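Per this note's numbering, residue 20 is the first one in the sequence shown, and the count goes up by one each step.
The set of hints was computed from the structure by calculation and includes no laboratory data.
Hints may contain errors.
[Said to hold, decoys possible] Pairwise CB distance ranges (calculated): (1) R143 with F112: 20 to 30 Å; (2) L73 with A102: 12 to 22 Å; (3) R140 with A115: 19 to 29 Å; (4) L67 with Y144: 35 to 45 Å.
None of these values were measured; they are calculated from a predicted model.
Here a beta-carbon is modelled for each residue, glycine too, at the ideal position from N, C-alpha and C.
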Amino acid sequence: MENIFRRMNLDMIGIGASMICAVHCALLPLVFAALPLLGMEITENTLLEYCLLLFSFGIGVLALGQGYLRHHRRLLPLLLFIAGFALLLAGHFWTAAASWEYTLICIGAGAIVGAHLLNQRHRRYCRIHKHH
């Protein structure tokens, strides 16, 4: 199982998951504003939102944990991921910030994408220069 994770680019999967979450949460309500009139509720599917959050979190933990533990030992990607995920959760569940929901979600998803890109860059740099 560990060998499969070494061959997969978990950072790219994490970036994809974050982007899908951001598109689902921020853009679909704009594009599909007419769907509720037709009785379709794609944008308010709680199970889908929880699955996307869980998938994004799981991939992030695997990719960033692996990068930190096995390659670069830099905290910035982990801290950026934690901050991004906190913003995602705040956008979804913090009722006091309901008017900021899409802003928090987009910034959070962007921070998670940034964390994966930074993790990937640090992993590549350490692989080339043999720092571990």
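Do the hints match the structure? See the list:
1. Roughly 35 Å separates the CB atoms of R143 and F112, a value that falls outside the hinted 20 to 30 Å.
2. Taking 12 to 22 Å as the suggested C-beta distance range, the pair L73 and A102 conforms, at roughly 19 Å.
3. Taking 19 to 29 Å as the suggested C-beta distance range, the pair R140 and A115 does not conform, at roughly 36 Å.
4. At about 36 Å, the CB distance of L67 to Y144 agrees with the hint of 35 to 45 Å.
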